[in-house]
Amino acid sequence: AQSVTQLDSHVSVSEGTPVLLRCNYSSSYSPSLFWYVQHPNKGLQLLLKYTSAATLVKGINGFEAEFKKSETSFHLTKPSAHMSDAAEYFCVVSDLGYQKVTFGIGTKLQVIP
Amino acid sequence: EAEVAQSPRYKITEKSQAVAFWCDPISGHATLYWYRQILGQGPELLVQFQDESVVDDSQLPKDRFSAERLKGVDSTLKIQPAELGDSAMYLCASSLANPKMSGYTFGSGTRLTVV
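As you go down the protein sequences, you meet chains A and B in turn. Residue numbers for the first sequence follow the numbering used here, so the first one is 1 and each next one is one higher. Residue numbers for the second sequence follow the numbering used here, so the first one is 114 and each next one is one higher.
Hint data in this document are derived by calculation from the structure and do not stem from the laboratory. Beta carbons: idealized from backbone N, C-alpha and C, even for Gly. What you were told as hints is all true, and nothing was included just to trick you.
Covered stretches of chain A (chain B as the covering partner; in silico rule of three or more C-beta atoms under 8 Å from a C-beta of chain B):
#1 38–46
#2 101–108
Here are the computed lysine-lysine pairs in the DSSO-like style, where the Cα-Cα straight-line distance is at most 27 Å:
#3 B:191 - B:175
#4 B:124 - A:108
#5 B:191 - B:124
#6 B:184 - B:124
#7 B:124 - A:42
#8 B:191 - A:100
#9 B:128 - A:42
#10 B:191 - A:42
#11 B:184 - A:100
#12 B:191 - B:128
#13 B:175 - A:100
Chain A extracted, bound-state conformation (with noise of 0.2 Å):
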């Protein structure tokens, strides 16, 4: 069995400042791990993943992720949030070996001006 929490529902922050967006998963088998982005009344696209190689993990938009197994976490962080950072996070765990993909609520990051 596989499960994603993603610790908070909504988070803010000032423009310029750093961006923390927390995820705790547990997996009977070794994951891998997705942060995805969706912006309103648009699909999801993909940030980052990780796949068992770096356990820190570099993506777009200036996004970086970073697996701790011993902590079981995956957060999510960049140094500096933009306006266009504003959207809807997931955290997502994979299964691989049944390939079963398990997504987290979502935390909603309001960026203030």
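The hints should help you fit chain B onto chain A, whose structure is shown.
Here is chain B on its own, set in the frame of chain A:
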């Protein structure tokens, strides 16, 4: 950049009517997924295909929903009859057989409103 195509983008239908959505995955992607995303929630898997075969439809309400991928390429998701609670975004995604290489690529979705 290759995209997953979905149509229509928006659909309004009356309850008890039939409705169908279409998805064309990225060429060469063997795995195709249909997700339902209710407003304010994360996507929920409805059905997963590997080529033309269904590998997971445990969350598909089979009394009213059906999905097919006859030639292992594009796919159709049908609802008959539609109910008010079916109002949601329906997302299609595709991946290589091993998603480690490609991740999952999502289409822009079909926003269904049942009135």
